[in-house]
Amino acid sequence: KQEVTQIPAALSVPEGENLVLNCSFTDSAIYNLQWFRQDPGKGLTSLLLIQSSQREQTSGRLNASLDKSSGRSTLYIAASQPGDSATYLCASRMDSSYKLIFGSGTRLLVRP
Amino acid sequence: KAGVTQTPRYLIKTRGQQVTLSCSPISGHRSVSWYQQTPGQGLQFLFEYFSETQRNKGNFPGRFSGRQFSNSRSEMNVSTLELGDSALYLCASSLQGEDEKLFFGSGTQLSVL
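Order-wise, the sequence lines are chains A and B.
Our numbering puts the first residue of the first sequence at 1, with every later residue one more than the last.
Our numbering puts the first residue of the second sequence at 1001, with every later residue one more than the last.
Rather than coming from a laboratory, the hints here were simulated on the basis of the structure.
These numbers come from a predicted model, not from an experiment.
Note that CB positions come from ideal geometry on N, CA and C, so glycine has one too.
You may find that some hints are simply not true.
One-sided and incomplete, this derived list gives chain B residues near chain A with beta-carbon spacing under 8 Å [what the hints assert, rightly or not]:
| # | residue |
| --- | --- |
| 1 | Phe1045 |
| 2 | Glu1048 |
| 3 | Arg1055 |
| 4 | Leu1090 |
Whole structure, please, built from the sequences with the hints as guidance.
Next up, the structure:
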C-alpha cells in the first residue's frame, strides 16, 4: 500500500530565499507524481507533473525532481515571494485511474 | 476555458440527512474523480468516473455514492450523514492519458451538525 510523506509539515522563510520541499513514497512503481498548491479554503492547483520515466520538470521558479529508486521527490522554489505562501501537496498516481495518494502537505509561509 | 465548477460552495446539514454535490468538469474532460479533505485525514480518494462508469473506488462506506452523466457532469451523494462527514469535498477532472494533470474545483464545504 502506497504511503506518501511530506517533511517538513510547516516552513517559514524570509522573502527571496530558495527552498526545498520534500516528498517521499514507499512504493516506487508509480505512474507519475504531481505537485499541487492549495490556498486556504480553496481547491488544488496543479504545479508540476513528473512521469515515472522523467527525472525532473521545471516551470518558472519551480523545479520538481523524481528519484524512484530512493522513493523521493523534491520541489525547489527559487527566490521565494510572499505570494508563494500556501500549502504544497505531492501526490502519487499508481495506475491509469485517477486515484491519487496524497501526502499531508507542507504549509509554507514566506515573510516579507 | 471554464474550470471545474462545484456547487454548492457551502452546505450545512444535520445528522441523518442526505446531501447531493454537483461537479461540472472542464469541457472535453471525461474523467471525474472525487476527494474528501479533512484536517485529520488529509485528502482521501472517494471514487473516479470515466464515460459514466465508476472506474475506481476508495475505502469509504456505501453511504457515499456517485454517478456521472453523458455530458461528463458528476454528482456524489452521501446518505445518513454523520458528524464525521464534515469536510471539504473536492472534484477533479482530467483528459485521459498518462501525462494528463488533474484539475480541481474549489470544493464544497460540508458541515454536519
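When the hints from earlier in the document are held up against this structure, which numbers fail?
none
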